[in-house]
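Visitor: Here is what each chain is made of, one letter per residue.
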Amino acid sequence: MTDRFVTRGFTGRPRSTAGAPGDAASRTPPGQYLTTDFPVLSAGPTPRTPLDRWSFYIEGLVREPRTWTWDEFQVLPARDWTVDISCVTKWTKLDMRWRGVSVDTLLEHVELLPSAAFAIAHCDGGYSTNLPLSDVLNGQAFVAWEYDGRPLAPEHGGPARLVVPARYFWKSAKWVRGIRIVDRDVPGFWEGLGYHNRGDQWLEERYSGD
Amino acid sequence: MPNPIAWRLATITAVRPETSTVRTFTLSIPDWGGHRAGQHVDLRLTAADGYSVERSYSIASEPERPGEIELTVERIEDGEVSAFLHDVAVPGDRIEVRGPIGGYFVWEAGADAASEPLFLVAGGSGVVPLMAMLRHRARAGARNPSRLLFSSRTIEDVIYRAELDTLASAGDGLEVVHTLTRSQPAGWTGYARRIDDRMIAEVLAPLGSGARSFICGPTTLVEVAANALVRLGLPGDRVRTERFGPTGT
Amino acid sequence: MTDAGALGDSVADQVLDGNAVAGILAAAFGSEMTMVPGQCAHCGTVNMLAAMRAYVRAPGTVLRCPACDGVVMRIVETPTSTLVDIQGVAWLRFERD
Numbered sequence: 002m003t004d005r006f007v008t009r010g011f012t013g014r015p016r017s018t019a020g021a022p023g024d025a026a027s028r029t030p031p032g033q034y035l036t037t038d039f040p041v042l043s044a045g046p047t048p049r050t051p052l053d054r055w056s057f058y059i060e061g062l063v064r065e066p067r068t069w070t071w072d073e074f075q076v077l078p079a080r081d082w083t084v085d086i087s088c089v090t091k092w093t094k095l096d097m098r099w100r101g102v103s104v105d106t107l108l109e110h111v112e113l114l115p116s117a118a119f120a121i122a123h124c125d126g127g128y129s130t131n132l133p134l135s136d137v138l139n140g141q142a143f144v145a146w147e148y149d150g151r152p153l154a155p156e157h158g159g160p161a162r163l164v165v166p167a168r169y170f171w172k173s174a175k176w177v178r179g180i181r182i183v184d185r186d187v188p189g190f191w192e193g194l195g196y197h198n199r200g201d202q203w204l205e206e207r208y209s210g211d
Numbered sequence: 602m603p604n605p606i607a608w609r610l611a612t613i614t615a616v617r618p619e620t621s622t623v624r625t626f627t628l629s630i631p632d633w634g635g636h637r638a639g640q641h642v643d644l645r646l647t648a649a650d651g652y653s654v655e656r657s658y659s660i661a662s663e664p665e666r667p668g669e670i671e672l673t674v675e676r677i678e679d680g681e682v683s684a685f686l687h688d689v690a691v692p693g694d695r696i697e698v699r700g701p702i703g704g705y706f707v708w709e710a711g712a713d714a715a716s717e718p719l720f721l722v723a724g725g726s727g728v729v730p731l732m733a734m735l736r737h738r739a740r741a742g743a744r745n746p747s748r749l750l751f752s753s754r755t756i757e758d759v760i761y762r763a764e765l766d767t768l769a770s771a772g773d774g775l776e777v778v779h780t781l782t783r784s785q786p787a788g789w790t791g792y793a794r795r796i797d798d799r800m801i802a803e804v805l806a807p808l809g810s811g812a813r814s815f816i817c818g819p820t821t822l823v824e825v826a827a828n829a830l831v832r833l834g835l836p837g838d839r840v841r842t843e844r845f846g847p848t849g850t
Numbered sequence: 012m013t014d015a016g017a018l019g020d021s022v023a024d025q026v027l028d029g030n031a032v033a034g035i036l037a038a039a040f041g042s043e044m045t046m047v048p049g050q051c052a053h054c055g056t057v058n059m060l061a062a063m064r065a066y067v068r069a070p071g072t073v074l075r076c077p078a079c080d081g082v083v084m085r086i087v088e089t090p091t092s093t094l095v096d097i098q099g100v101a102w103l104r105f106e107r108d
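Chains A, B and C supply the protein sequences, listed in that same order. Position 39 of the first sequence, counted from 1, bears residue number 40 in this note's numbering, the numbering being contiguous throughout. Position 32 of the second sequence, counted from 1, bears residue number 633 in this note's numbering, the numbering being contiguous throughout. Position 85 of the third sequence, counted from 1, bears residue number 96 in this note's numbering, the numbering being contiguous throughout.
The shape of chain A in the complex, shown without the other chains:
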């Protein structure tokens, strides 16, 4: 970066952790600031799929693809998650409460073929994101339909969204409708246009080349 004119008195968003839990500083990844609200960031109009037409699939390199209707999805073993979320636009929100089903549970219903290596999430509205299977197994990812004790609002990704807390929030695909298991990585919507392929917020993997 070349010499940039520094604006007198400008410090950006407040970086203080006043009012936050005692360990907030250590829970805030590098370059992030804490927020208490839940910003809506969107790349397009909010999809509105009625529940009676909603379904979730796992397909691709699995022995047998599987699809769930909303009713079938709701009776899967669900649990609560309280996690910290970081967006690449620099906000971090601590202790966000979600309810949903672990990706592990979903994958138990299909049998991964030996060549399975990556999960590509596909969504209403055309959005997609990619993750190595190693990033979504073992409790690292879930599909949530409740936020803060209420059904997930459409502008926040409802009826259901993927949540991957250890990655920047663009990987937590809103309006998710299915996961395609593949052997070769396929960059998703933002990964294909300058954003980091993996997106680990603790390593500040924001842009490709970081």
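Because the hints were derived from the structure by calculation, they are not lab data. Cβ atoms here follow ideal geometry from the backbone N, Cα and C, with glycine treated the same way. Do not take every clue at face value.
[Said to hold, decoys possible] Listed next, with one range per pair, are the computed distances between beta-carbon atoms:
id	chain 1	residue 1	chain 2	residue 2	range
1	B	799	A	90	38 to 46 Å
2	A	9	C	104	53 to 61 Å
3	C	101	A	118	48 to 56 Å
[Said to hold, decoys possible] Far from chain C by the CB rule (all over 12 Å, computed), these chain A residues:
id	residue
4	9
5	12
6	24
7	25
8	46
9	52
10	62
11	70
12	84
13	112
14	123
15	156
16	178
17	199
[Said to hold, decoys possible] Mimicking SDA-like on lysine to any residue, the simulated pairs with C-alpha atoms at most 25 Å apart in a straight line are:
id	chain 1	residue 1	chain 2	residue 2
18	A	94	A	54
19	A	91	B	645
20	A	91	C	42
21	A	94	C	100
22	A	94	B	655
23	A	94	A	81
24	A	94	C	89
25	A	94	C	23
Using the hints, position chains B and C against chain A.
Guide: Chains B and C alone, transformed into the frame defined by chain A:
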């Protein structure tokens, strides 16, 4: 001709309040090549750690003022740049600007404009680029039938209220119609609701469907107004729109 | 052009138009772009870039066709460069003098 795409340093030379949440900043810019009414500038703020943010602000002043421009900025609750401008910046401070930018949302008082009715629709701080057009219109001595329909929450929130009264009393064909959507002063006989089809039709009526229109404000207001005008017979290419983010007024 | 604010239909109001990225596009393309007409690769409708719907509160900016909502253009500003994806544009028309 200086490159409008390059970042340059402007100096804030004056700040004055317009309403309790809106201020006008005068910027002096070396080698400013002038602008057209309706254009905007981008501002860039950079912190010592390299964090930077950019925002666009419509130029409020008329092109007829050499070397300086005015920006009218509403202080937005969570707004990084507007809060900085309102709370921290003082005359003498320098700030990076880029521009003038925009060729689409522009009005010039010229041969065609002299006779063409002009219909302006503003919501809150969306009035800023339209004010540049009206100030330019006055300086150019234009007399084309013109109307500004201006939506604000309360009378105290009306940006440029006194100056608009003055411009509308000049007898040069300009009328200003206000609508106050949240509360109205005692004795108010004007519109008291959000802009809708019927209001657009009533306010446009004296100008007719040969008018050229510019609409600026929050997206929902802009779309209601633009759709109404097209239904009333204005050709699409004579209705130009600029959507601001949500504004507080 | 302002930051997102307090009242009204704030979710709907967050959708802007091509004017919101006029500066970024001018810097990337080297000239004023808002009056450049482009054909949507999805539905064939032609609009000036100023009239495209702009979703700017995202990791990047997405311009969509006002007729079909198809993605016309995507813009990402990294620390060192501006990336512009124009797969959604069938053509852009530049008038010559």
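Visitor: Does each hint hold? Answer for all of them.
Guide: So, going through the hints one by one against the coordinates:
no., hint, verdict
1, B/799 / A/90: 38 to 46 Å, "holds, 41 Å"
2, A/9 / C/104: 53 to 61 Å, "violated, 44 Å"
3, C/101 / A/118: 48 to 56 Å, "violated, 35 Å"
4, 9, "holds, 20 Å"
5, 12, "holds, 17 Å"
6, 24, "holds, 27 Å"
7, 25, "holds, 24 Å"
8, 46, "violated, 6 Å"
9, 52, "holds, 21 Å"
10, 62, "holds, 27 Å"
11, 70, "holds, 27 Å"
12, 84, "holds, 20 Å"
13, 112, "holds, 35 Å"
14, 123, "holds, 15 Å"
15, 156, "violated, 5 Å"
16, 178, "holds, 17 Å"
17, 199, "holds, 15 Å"
18, A/94 / A/54, "violated, 32 Å"
19, A/91 / B/645, "holds, 18 Å"
20, A/91 / C/42, "violated, 31 Å"
21, A/94 / C/100, "violated, 37 Å"
22, A/94 / B/655, "holds, 23 Å"
23, A/94 / A/81, "holds, 17 Å"
24, A/94 / C/89, "holds, 23 Å"
25, A/94 / C/23, "holds, 24 Å"
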